Every structure is written in structure tokens, then in C-alpha cells.
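Novice: Sequence:
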Amino acid sequence: MGRIEGASQQSRGHGGRAGEGEWREGILLYCDHQGSTFDVSKLPSCRFEDMDHFQKCFLILRLEEGQVEGERGLQRDPGDSRGWRAVRVDLVAPPVDRYAFALLGWTGSKQFGRDLRTFARKERQMLLDNHALYDKTKRVDALRLTGVRTNRGDMGMG
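Note that our numbering has the sequence shown beginning at 1, numbered continuously upward.
Because the hints were derived from the structure by calculation, they are not lab data.
Remember, predicted model here, so these are calculated numbers, not experimental data.
Each hint should be verified, as a subset may be incorrect.
What the hints assert, rightly or not - Derived pair list, reagent style BS3-like, types lysine-lysine, alpha-carbon separation capped at 30 angstroms: (1) 122 to 136; (2) 110 to 138; (3) 136 to 110.
Given these sequences and hints, build the entire structure.
Specialist: In C-alpha cells, the structure reads:
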């Protein structure tokens, strides 16, 4: 991970809080890195999983009053004297061939994602998840991104 401007030290790839060793001052308040658990031979899952298996980094950044723009700007509760705002940032690093599916899974509303998966399953006999679109009738990856089969000899879509 590259250096973040204003951070006192670089992340070492594990969770931490301000004052617990790595970040004593600066823009980075918290960092939790989760390595990839992506294994194409275990896909697709027969049921939707909330989290995918891509490499992720969850950050909480401290933005000073001058760094917060927009209509709301830096809103404060009465009695809050802080001149900064904590902002959560989720970074996801999927493989290039899985980017479109990760983008669908990480953007939009939960209802849109649910409706899209339902449409794929009921109307097209396909399985859509955050990793790929699978054709259940042919038991293959619909976009032919992978040809890996499970130990059972099928794509695991029973």
C-alpha cells in the first residue's frame, strides 16, 4: 500500500486504531485489510453470499473541515467541538475479469441487486453473484471466463 498523505506511517496490512501503534496522528484513523480468498474452483455458490472473496481494505479517514465539500459539508451536533469528520472508505480489488460483477455487487441498492439476481435465476435460468454470471442450463460460466469444474464434474449449481 502506498503512502497516504497526512498519515504518520504506512499501513502494515492489518487492523488498527489511532493510538495503538501505527497511526498516532494524521488522516488515517483505521485500516483493516482482508486478503483475497477467491478460489474459482469453489464457484459458483448455490446461495448468495453478502461478502465476496476479493481482496478488500476498509478505511476510516479523518477529514478536516476544509477537506469536506458538498451541500452538507461538515455538520456538527450541538456541543460537538471537533473540526473534523470521520469518513469510511471501502476499497475492493477484484481480478480484472471479475470487475463488472464486483461493480454490480458493490454499487446500487440492495433491492436492485436482489431483483437482478432474481431476474437472472427465474427468467434466464442463470446464477448471478459478485464473481460471475453462470448458465445453469449448460452448467458453465455464461461469459466463459472460467472453465474450471468442481470435483463432482459440474459447476456446482445442482
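Novice: Could you grab the alpha-carbon distance between residue 136 and residue 110 and see if it respects the 30 angstroms cut-off?
Specialist: With Cα atoms ~23 angstroms apart, residue 136 and residue 110 stay inside 30 angstroms; holds.
Novice: Is residue 122 close enough to residue 136, meaning Cα to Cα at most 30 angstroms?
Specialist: Holds, because 11 angstroms separates the two Cα atoms, which is no more than 30 angstroms.
Novice: Do the alpha carbons of residue 110 and residue 138 lie within 30 angstroms of each other, as the hint requires?
Specialist: Between residue 110 and residue 138 the Cα gap is close to 28 angstroms, so the pair holds against 30 angstroms.
Violated hints: none; the structure is consistent with every hint.
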